Structures are given as C-alpha cells and as structure tokens.
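S.K.: Respectively, the protein sequence lines represent chains U and E. Be aware that the first sequence starts at 56, since it is given in my numbering, and climbs by one per residue. Be aware that the second sequence starts at 67, since it is given in my numbering, and climbs by one per residue.
FYI, nobody ran anything at the bench for these hints, they're computed from the structure. Quick caveat: nothing in here was measured; it's all calculated off a predicted structure. Virtual Cβ for every residue (Gly too), placed ideally from N, Cα, C. Hints should not be assumed to be uniformly reliable.
Using C-beta positions, here's what the derived DEER-type ranges look like [claimed, not checked]:
hint, chain 1, residue 1, chain 2, residue 2, range
1, E, Met-329, U, Phe-104, 57 to 67 Å
2, U, Ile-116, E, Glu-121, 54 to 64 Å
3, U, Lys-358, E, Gly-265, 18 to 28 Å
4, E, Gly-145, U, Phe-102, 30 to 40 Å
5, U, Asn-57, E, Thr-160, 44 to 54 Å
6, E, Glu-336, U, Phe-104, 53 to 63 Å
7, U, Leu-149, E, Leu-339, 18 to 28 Å
8, E, Asp-122, U, Glu-63, 21 to 31 Å
Just some of the chain U residues that point at chain E, by a computed CB distance under 7 Å [stated by the list, open to error]:
hint, residue
9, Asn-120
10, Gly-127
11, Met-128
12, Asp-150
13, Ser-155
14, Pro-292
15, Ser-322
16, Asn-332
Listed below are the simulated DSS-like cross-link pairs for lysine-lysine, each with C-alpha atoms no more than 25 Å apart in a straight line [to be verified]:
hint, chain 1, residue 1, chain 2, residue 2
17, E, Lys-170, E, Lys-229
18, E, Lys-287, E, Lys-229
19, E, Lys-249, E, Lys-290
20, U, Lys-383, U, Lys-360
21, E, Lys-89, U, Lys-216
22, U, Lys-218, E, Lys-89
23, E, Lys-148, U, Lys-216
24, E, Lys-333, E, Lys-148
25, U, Lys-255, U, Lys-216
26, E, Lys-229, U, Lys-96
27, U, Lys-218, E, Lys-290
28, E, Lys-241, E, Lys-112
29, E, Lys-241, E, Lys-229
30, E, Lys-249, U, Lys-216
31, U, Lys-218, E, Lys-200
32, E, Lys-148, E, Lys-119
33, E, Lys-287, E, Lys-311
34, E, Lys-290, E, Lys-259
35, U, Lys-216, U, Lys-278
36, U, Lys-218, E, Lys-241
37, U, Lys-236, U, Lys-251
38, E, Lys-196, E, Lys-249
39, E, Lys-199, U, Lys-218
40, E, Lys-109, E, Lys-200
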Amino acid sequence: MNVALETEKKTTSFREVYAQTLNELIVEDNDVMVLESDLMKSSSTDFLFEIHPNNCVNFGISEANMISAAGGMSKAGLIPFAHSFAPFVTRRPLDQVYMSIAYSNNNLFIYASDAGIWSQRNGGTHTTNEDIAIMNAMPNCQVFNPSDPVQFKWLMNNYHKNKGFYYVRGGRKNEIQHLYKEDSTFEVGKGIVLHKGSSKIAIVASGIMVSESLKALDSLKQKEIDPTIVDMFSIKPYDADLLQQLIQDNDLIIVLENHSKFGGIGSIVAYEIAKSNNNPTFKHLAIPDAFGEVGSLEFLMDKFKLRSSDIEDTILKYFSDIETNKEKTE
Amino acid sequence: MIDLERFRDQIRLQTCYTLINAKGGHIGGSMSIVEALAVVYGKHMKFDVTNPKWEDRDWFVLSKGHSGPAYYATLALVGFFKKELLNTLNHDNTLLPSHPDSLKTPGVDCTTGSLGQGISQAVGVAKAIKHSKKDNFVYCLIGDGESNEGQVWEAVQFAVGQKLDNFILLIDDNKKQLDGLTKDVNVELNFEKIMEAFGFFTQVVKGDDLNAIDVAIQNSKNNKGTPSAIVLQTVKGQGIKFVEKMANNHHIALVGDIKEQLMNELKELEDKL
C-alpha cells in the first residue's frame, strides 16, 4: 500500500474511470471482455463497442444470461467485466451470480453502478440498500465500495492482474473528488487511516461517506474535536486487525454508510466490538430498514441522515450524554 | 471407430449400476439422454482424457444437471476417471455430486444444476471460442421441462444474435418434468417451430436413433451462420421398459422390488454385452 492524498480539486465520474480503464486494459490484453445488458450508454462504454467490437458484448436486457455467460467466458480463459445498475447484478440474477460465478470459482468484475442512494432519480425500484449484505454472505465474492476514482481504477487493474470475483459498487454519472493521488496503490483487505486523530473517536466509512467524514473532520477540528478517519473500501475481506486497533484505542466508534443498517460495515464493526475485550460506544449512521425513493443525492443524504452534520451531531450528543451521566452520578 | 450401440448399452448399464449403488436418483432424465451422450462422446466430441482442460477441446455442458449420473457414466467409460468412482455418487466427500461440478469431476466443463444456467454458460463458452478464433464446438443438452426457465430463452436469443454456429443445442423432449407431464404442469412446447422461429437451424430426430442423432450432429457442424438445435424425441426412462411405463419417474428410489425389477432388465443388457 502506498497512499498519498490528493490536495488539489480534481473530479472524475466512476463511469468515465470504468470506460477509460477498460480501454487501456483491452489495448494491453485481448482477453478482456466488456459485458453490458443494454446499458452501455449509461456506463459510457459505448465508445468501446465502436473501437474494440471484438471485446465488447451487449446481451440486451438479459442480466441472468449475461452473468452465466460471463462464467462460461471465464471458464474458457477470458477476463470478463460486467456492468449494470446495482439491483440488476445482485437481486435479479442472484442465483446466476451464485452458481455460475462464485460457486464455479469463475473470474468476474461486476461494476454495480448507482448503488444505495446513488440511484437518485431512478428511485426506490432501482435502489439497493441491501447489496453489500447479500454479496458479503456469498463465499468467494470480494466486496468493495471504492471511495474515489483512483481507488476504483486500482481495483479494476488489480482484478485484471489477480483475477477472482470482484463485486464493486459505486456511483456512476456524478463527478467525484479524488481523495488519493493518481499513483496511489492499495491492498485488498486493508483499510486506510486517512487521518489519525487525538480525541479517542474513530469514524469508519467507505464510498461517498468517506468524503462526508472528512467534511465533518474540518468543522469538528474547530470545536477542538479530532476524530480518526478510516476508509474501509475493502469490505470483504476486511481489515480486522485495523478494526481491533481502533476498538482498543478509541472510546467512540461511528460507522457511516450508504447501505442498510443490516449486513454492511456497521454489522462488521459491531461484530468486531463484540469479539473484543474493549467496549467502546458504537454509533451507526446508516439507512434504516426501509426502501429507497426518488430524489437528488442531497435530498436522500438529508433524509437518511448521512451528512457530515449528522456525524457532528452524533459526537456532540455523545459528549453531552457523558456530561449528563456525570451530573447524575454527582 | 467406436461401436456406438455397444457404447450406448454400456452407458445405460453403468448409469443404472451407479443409481442402484446410490439407492436411487434421477433415472428418468438420465435414461432419456443416453443415446445423445453416446453419439456426442462416442463420435463427435474432441477431448483428451489425460488433459481435461485441453485448450483445443470441444465442450459439453449438461444444462439439465440432474441427469449427472448418465454424464458421469459416459465420462468414466471414455476414460476421464475410473469406473469405480461411479460407486461414490452422492457419498460423503465424493467427486461425483448429484449435479455436475467443474471443480470436482474430471471432464466436467461447467457447473450446472440450477436450471437454465448451463445453456447461458455454454453460449458464453461458444462466444469465447469465437473470440479466440478457434473452430471448436460447444454441445449443450437442455430439457423440455428446463425450458420453463426464462433464462433458456435469453440464451437462445443471444446465440442467434451472436451467430454462434459453433453452438449445438440438444433438447431432450421427453414430455415430462418432476411434477408430471409438461402439458399438465405448465405447457408442452413445439420446439421445432419455436427454435426455427428464433433462427436456429433445427432438426427433429428420434431420441433413441443413434444414426439419426449422428447425422443431425454432422449436419449441425456443417451449418454456418446460425446456431443449431436438435430436438430429441425421447421417452423419460428410455431403454428401461418398466421405468418408461412409470407415471412418475423423475427421481425414484431403487430398493426392494423396484431394484429387483431393474436388475432383471439389466441382465438382458449385460448378456448383450
């Protein structure tokens, strides 16, 4: 792992990263295959169908066939990348993902775009608040929620190099600020401490929620509160050593996630706390047991309380609860 | 040159022995594909038993994975593994699970069992072979009951759209599925018309006619520009008279009287061999 933080304003959309990186990989390796189910225009891979027609396959609207056929391609030695909106590569073809990919030990990179609240104007039918929970429970599946374009690109290259089954969820059209410098390298199963704080408070997040955590850090510092910020982009495998260290070193652990409160990073952290002899306070900011709905990203973040201000409120309440308890005992 | 009639009888006999040893199993759909397996593996498939993952092999995908016992008997007889292994079907720690597993059994190309997925994997393989500019064939065997699955028709469209003329689909049209006759459970399909309408080069043959199956496969191999379908008019339990007559013969227990009856019928086959 060799991580440097980007200090300049620099944004890219995930779909641009996806299409451009695939272009580079195809030029390098003719075995790379781009699979779409009538969403090449949504993932911006359409230009690849023009310049690399032999490496691109549009299955039409048939995700089950796409996933199983990807398994066949993998068995025959190709290196498939398949994209669709997150629900259509998880909920819909789940048994295909299970048997034709995971159980068969086939190689596949799934780019599940518009996961969680990223679905925005596509609304509740297209929202996945449960995809991490589903994919985490599937043996052989590695689960990632990359936090910036550089990390997303690294995951694509890493899959190409090491093969396996990668489930990678994220945004699509939205421009996303680079957190990491272009040449940063990461490690599967390793979290990243973006900021080591001094307040015995740790915030664990992934994806878009890492940026929100960093925003919270800026305003909390003005209140002389200095939390540690961790990017847990690798959800399975996850960095159990780092989590145990955080549990040992901190009095409050906050998990912020663009996912249901069941079966995501919060469940993992709670499990690690339960295993530990230490007993920090655990706060979980996640989507409740509820369906998604139509709205802007801002509206959905407000509605589900996934804002930097929600982190601040949680920490301030934590301190005021401590004060109240003190007064009660005095 | 392999004697196809003898090979057919050997597959049927070994499959039944395997099922008797396991005290029962999917005998109906295993029997109805014996002739197809005999012709594919006895005459047309290019494979190397010393190198099951040989890059220049032809592929076979048993999409109706519950007929694994007939598939295993065939693979053993051509030499992918020892016949003794057949006695371990469904035993603890076996290499022969009820549904084919490419990670466990030598010679099994794709893992199947969840119906509809085998045909999709097979068209994926056929596309990959085209991509690699090779001239190998992919044989895929589906059931008429399996064709209730929508995924089958996704794969069929894809094979036509991608012009996969290296893809040869064998359809075991035995008119039965687990719960009864296809026409009673859901619908009896006219595969000849349907496959033609989708754009497959389609032939219909008697499913127990080795020569007809052989000719149909040869025709399919010569066909260019479209995938091929061979509709096998079969009988569930084919070749074992008392099983053919059973109303429900998808999966039967082979113990007691039923086992004795089967053993008696097998004696005729044994004597022939």
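S.K.: Does each hint hold? Answer for all of them.
M.R.: Each hint tested on the structure:
no.: 1; hint: E:Met-329 / U:Phe-104: 57 to 67 Å; in the structure: holds, 59 Å
no.: 2; hint: U:Ile-116 / E:Glu-121: 54 to 64 Å; in the structure: violated, 33 Å
no.: 3; hint: U:Lys-358 / E:Gly-265: 18 to 28 Å; in the structure: violated, 49 Å
no.: 4; hint: E:Gly-145 / U:Phe-102: 30 to 40 Å; in the structure: violated, 49 Å
no.: 5; hint: U:Asn-57 / E:Thr-160: 44 to 54 Å; in the structure: holds, 47 Å
no.: 6; hint: E:Glu-336 / U:Phe-104: 53 to 63 Å; in the structure: holds, 58 Å
no.: 7; hint: U:Leu-149 / E:Leu-339: 18 to 28 Å; in the structure: violated, 46 Å
no.: 8; hint: E:Asp-122 / U:Glu-63: 21 to 31 Å; in the structure: violated, 52 Å
no.: 9; hint: Asn-120; in the structure: holds, 4 Å
no.: 10; hint: Gly-127; in the structure: holds, 3 Å
no.: 11; hint: Met-128; in the structure: holds, 5 Å
no.: 12; hint: Asp-150; in the structure: holds, 5 Å
no.: 13; hint: Ser-155; in the structure: holds, 5 Å
no.: 14; hint: Pro-292; in the structure: violated, 21 Å
no.: 15; hint: Ser-322; in the structure: violated, 28 Å
no.: 16; hint: Asn-332; in the structure: violated, 39 Å
no.: 17; hint: E:Lys-170 / E:Lys-229; in the structure: violated, 32 Å
no.: 18; hint: E:Lys-287 / E:Lys-229; in the structure: holds, 14 Å
no.: 19; hint: E:Lys-249 / E:Lys-290; in the structure: violated, 34 Å
no.: 20; hint: U:Lys-383 / U:Lys-360; in the structure: violated, 30 Å
no.: 21; hint: E:Lys-89 / U:Lys-216; in the structure: violated, 47 Å
no.: 22; hint: U:Lys-218 / E:Lys-89; in the structure: violated, 41 Å
no.: 23; hint: E:Lys-148 / U:Lys-216; in the structure: violated, 37 Å
no.: 24; hint: E:Lys-333 / E:Lys-148; in the structure: holds, 23 Å
no.: 25; hint: U:Lys-255 / U:Lys-216; in the structure: violated, 39 Å
no.: 26; hint: E:Lys-229 / U:Lys-96; in the structure: holds, 24 Å
no.: 27; hint: U:Lys-218 / E:Lys-290; in the structure: violated, 34 Å
no.: 28; hint: E:Lys-241 / E:Lys-112; in the structure: violated, 31 Å
no.: 29; hint: E:Lys-241 / E:Lys-229; in the structure: violated, 29 Å
no.: 30; hint: E:Lys-249 / U:Lys-216; in the structure: violated, 50 Å
no.: 31; hint: U:Lys-218 / E:Lys-200; in the structure: holds, 23 Å
no.: 32; hint: E:Lys-148 / E:Lys-119; in the structure: holds, 18 Å
no.: 33; hint: E:Lys-287 / E:Lys-311; in the structure: violated, 35 Å
no.: 34; hint: E:Lys-290 / E:Lys-259; in the structure: holds, 20 Å
no.: 35; hint: U:Lys-216 / U:Lys-278; in the structure: violated, 45 Å
no.: 36; hint: U:Lys-218 / E:Lys-241; in the structure: violated, 42 Å
no.: 37; hint: U:Lys-236 / U:Lys-251; in the structure: holds, 19 Å
no.: 38; hint: E:Lys-196 / E:Lys-249; in the structure: violated, 37 Å
no.: 39; hint: E:Lys-199 / U:Lys-218; in the structure: holds, 23 Å
no.: 40; hint: E:Lys-109 / E:Lys-200; in the structure: holds, 20 Å
The structure does not agree with the numbered hints 2, 3, 4, 7, 8, 14, 15, 16, 17, 19, 20, 21, 22, 23, 25, 27, 28, 29, 30, 33, 35, 36, 38 stated previously, though it agrees with the rest.
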